[in-house]
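Visitor: Taken in sequence, the protein lines are chains A and B.
Residue numbers for the first sequence follow the working numbering, so the first one is 1 and each next one is one higher.
Residue numbers for the second sequence follow the working numbering, so the first one is 1 and each next one is one higher.
Heads up, a few of these hints could be off.
If you want a taste of the chain A side facing chain B, the calculated C-beta under 7 Å gives, among others [unchecked claim]: (1) 4; (2) 7; (3) 9; (4) 22; (5) 25; (6) 27; (7) 34; (8) 40; (9) 43; (10) 82; (11) 121; (12) 153; (13) 187; (14) 207.
Which stretches of chain B does chain A cover? Using the computed rule of at least three CB atoms under 8 Å from a CB of chain A, they are [as the list claims (entries may be wrong)]: (15) 56 to 63; (16) 114 to 126; (17) 133 to 143; (18) 256 to 270; (19) 277 to 288.
Keep in mind that the hints were calculated from the coordinates and are not lab data.
Even for Gly, the Cβ is constructed at its ideal location relative to N, Cα and C.
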Amino acid sequence: MRLETLQRRMMAAIGGGPRFVEERLYVGGLEAALRGFAVHANTISHARLVALEETFSRTRALLGEARFNALSRAFVETREATAQPHSGIGRHFAAYLEEAGEALAAPLARFEWLWLEAYHAAEAQPLALAEFAALDEATVLATSLARHPATRIAPGEAATALAEEIPSLEGASAILITRPVAEVAINPADEAMSSLLALLEKPRPIGNLLASRGEQGSEAALAALIALIEAGAVIRAGKENGEC
Amino acid sequence: MTTPRNPLPPSVGVGLKPQHYQSALGHASVETSSSRDSSQPSPGWFEVHPQNYFCAGGPPHRWLTAVRDAFPLSFHSVGLSLGSAEGLNEEELDNLARLCARYEPAAVSDHLSWSGTASNRFPDLLPVPYTHECLDHFAAQVGRAQDRLGRMIMVENPSRYLAFAHDEMDEGAFLTELCRRSGCSLLFDINNVEVSATNLGLDPVEMLDAIDPALVGEVHLAGHAREDHGGIALLIDDHGSPVTDLTWQLFAQFIERAGPKPVLVEWDTDVPEWSVLMAEVGKAQAIMAGEGARDAA
Numbered sequence: 001m002r003l004e005t006l007q008r009r010m011m012a013a014i015g016g017g018p019r020f021v022e023e024r025l026y027v028g029g030l031e032a033a034l035r036g037f038a039v040h041a042n043t044i045s046h047a048r049l050v051a052l053e054e055t056f057s058r059t060r061a062l063l064g065e066a067r068f069n070a071l072s073r074a075f076v077e078t079r080e081a082t083a084q085p086h087s088g089i090g091r092h093f094a095a096y097l098e099e100a101g102e103a104l105a106a107p108l109a110r111f112e113w114l115w116l117e118a119y120h121a122a123e124a125q126p127l128a129l130a131e132f133a134a135l136d137e138a139t140v141l142a143t144s145l146a147r148h149p150a151t152r153i154a155p156g157e158a159a160t161a162l163a164e165e166i167p168s169l170e171g172a173s174a175i176l177i178t179r180p181v182a183e184v185a186i187n188p189a190d191e192a193m194s195s196l197l198a199l200l201e202k203p204r205p206i207g208n209l210l211a212s213r214g215e216q217g218s219e220a221a222l223a224a225l226i227a228l229i230e231a232g233a234v235i236r237a238g239k240e241n242g243e244c
Numbered sequence: 001m002t003t004p005r006n007p008l009p010p011s012v013g014v015g016l017k018p019q020h021y022q023s024a025l026g027h028a029s030v031e032t033s034s035s036r037d038s039s040q041p042s043p044g045w046f047e048v049h050p051q052n053y054f055c056a057g058g059p060p061h062r063w064l065t066a067v068r069d070a071f072p073l074s075f076h077s078v079g080l081s082l083g084s085a086e087g088l089n090e091e092e093l094d095n096l097a098r099l100c101a102r103y104e105p106a107a108v109s110d111h112l113s114w115s116g117t118a119s120n121r122f123p124d125l126l127p128v129p130y131t132h133e134c135l136d137h138f139a140a141q142v143g144r145a146q147d148r149l150g151r152m153i154m155v156e157n158p159s160r161y162l163a164f165a166h167d168e169m170d171e172g173a174f175l176t177e178l179c180r181r182s183g184c185s186l187l188f189d190i191n192n193v194e195v196s197a198t199n200l201g202l203d204p205v206e207m208l209d210a211i212d213p214a215l216v217g218e219v220h221l222a223g224h225a226r227e228d229h230g231g232i233a234l235l236i237d238d239h240g241s242p243v244t245d246l247t248w249q250l251f252a253q254f255i256e257r258a259g260p261k262p263v264l265v266e267w268d269t270d271v272p273e274w275s276v277l278m279a280e281v282g283k284a285q286a287i288m289a290g291e292g293a294r295d296a297a
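So that you can see chain B by itself, here it is in the shape it has in the complex (with noise of 0.2 Å):
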């Protein structure tokens, strides 16, 4: 299994949008002049979903390129289905194995998840029960899936709206051993913890508690959408608004206790100008170098 040339840096980087080819790359021009202003937030790194590159060429590749050229990239994946009970999507991962080929990103994610069938693919991320038998099947997919790609693969904490009766363990049990059966790492979203806390009712603090930093490759910062359901808050995980309050003072926590980690602030509906994503860069590189921690705790 390789590593890769150019581990993501413990500093925070953002999802890569269209809208937004330009400024990334003016970031990159700056990086590397004498007018940079350093009191202005920038990206460390850049993330993209590689399903939104799996064709063979066109201006897409171009601007990946560019950006590929200029910083670290991170491809988080959205379609192994590594959970889903047929085995993961092999079509997916021959795609995802010949871009990771092409661009040799520093990181690559997918999800604790499954996406239906072969026959029946659903744009979205299910959650899978926390057994022993998942446990086993799981970790023989992501097996498979490091095995074909040649590195160590990170798998993302789910956004969940419903919990399985038949659960034998809590959710940081299971990514923990998932880690230690197959050698993978954590991509660990801290949005998702409280749109699942909050759905599920329970307790943020002690989701954050359970897992073990070391396993922890790369952390998430997003927004979600609040329903009210009768006087039940339900929260949305759709990643278009800025990161609330509780999920900056959880991230805060988790740092105080990890250390700097690369850190990404993914905005993926709704996207906003590139000053405000970059304004919640700032607040998440002051929380990482513990200017920002006390305000958010």
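Excised from the complex, chain A in its bound form (with noise of 0.2 Å):
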């Protein structure tokens, strides 16, 4: 049998459980073969549930054991996790949670790996307000700045399921996760901050940035800027240590 059709036919045992097992494709006769695929498949269902239990434990405890086993079993089995490598299998399960219709916890979960992003990001010296002090006001307003690569921000829902363990979240409309240097940190955010955030997705002047509010919101957007700043969230753009 060619490697390939006996792969594919592995692969329909493990998927497709005991009816799928071809007894004569293996020695010691069909009980043996069992006993077989149902190790591999143990080990492929287990690493990957206990992936998920991992990267969202904060998300298994709002939905409580059963309702999280019973959606991460169903979504362990969708293209959207078993195409990924092991370790990116939960970066859709915020959605397939959304699509499932819980409110509460697919924010939950997109915060939740979103700080695994964080945690993960390439290394950056963050921008200092201290950095500005010698410098002109025409040269600080050409300064250009961008997204320190650890920073996210995730949805304010996440926020109220958040706030008993960390209070300063409460009320608040977005979540500013960074990881200025060694650990995450985590800090509310408002409006204003998210806008620009997104806006230094690509490195744009400091005067582009504050006029990109308009007159009216300039304070605000400075205000902003200077909380960014001082959470670690904002490089000079250009550098970026893409290392890896």
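Make the complex out of the two chains shown on their own, each in a separate frame, by following the hints.
Guide: Right, dumping it as structure tokens:
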């Protein structure tokens, strides 16, 4: 039997269960083959479910073990899960929860995934306000900024579930996730900060950022930018470290 | 093809786990100080699954950099899927190549296995049939990996729960011919010998003796779980317990024939206290030094 055919049939047996196990292909009879396939199917299922449990511990606590397990078991059979490398298996879990109508759990899962992205993001030196101390206004306004590679904005809907653990998030319209140095930090964010970060997906001069909110909004934009800089969410453009 | 600047030493290493980062680096500082207690076992090198470091940065890379600066490092990949009929996983290979360029590990290995397809990726190491067609294919995939990485890799013998009716050779012959054709070497997992021999009704000593020590670049030792299925033992390669007596005996027999080799104690699930792991390291060191061979046998 060709290798490709054999592997196709093995995958059918792993995914479809005992009725797809072809006794003639294996040594030792049907019982031995069923034992072997049970080990592989359990290993695969266990690894996928544990990866979700470890990534989405808060979502699991919110949903309860039974509901989380039911949703996880269904999700790991979808192409959105099976086509991912193992470390990325949870990438689309929040969207799946949203489709399943989990209005509270979906944004929390989104937060947990973004937290993980921040934890594993590239290193970069965050911009410090002190760097502007010796600069004249024109130079400051011409300085080009970008989002720190670890910075993420999570939906404010997750703040409710997190407020007991992180009281500062109470009532936040969005959640700012940063990793300015070693550890991931969580801070509340407002609409102005979220808008600026969206603009900073591409490097932009500070003058351009402040003007983006119009004349009346420039003060709010300045306050938001200062808050972002203090949280370590911003870098000078061109200071990314894209290693690995 | 390049040779690593610092090849793995013929000593006992351990798999690096996040809960042991501090302990591992503690050994690094002790190694260079006068307070080192030579009677206490300590690891000679560390091994990691590179897939756990396929990210741009963050704390895991800071720890790994510190460990790499103090110890030889081995990358034990679980994701190349070298035996997949559709070809190895190119994305995994690219990530592995980038990580190798960053850390310059002493050794790189993966498994004699396959892990599904691009659209259905199985986090498992599935067995391949020991046929000439599969040997041709596997040797070609190892060649692709070695060309991309610019170095020789090691291929690990599998833990098997299934044997194929149309096999054309045994595992030892397959691995030997794979090395000859592709220029790879073997990562010889002696726990896997016990697991496969028990599950498939084979003779573990025959399996051991079928391996030419000259082909072996690294040895793995680990524990496994045992299930009883109506009087039939099924061993599960879960790396979650101490090395068994039989694996220690087989290891002693192999080392008596092979001489000292880089040896790894693997413990991936239910990871124990550092001291428990070091006790296993001590046993392996004693056998390598010839002190424990008689006891183990």
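Visitor: Which of the stated hints cannot be reconciled with the structure, identified by number in ascending sequence?
Guide: 3, 4, 7, 12, 13, 14, 18, 19
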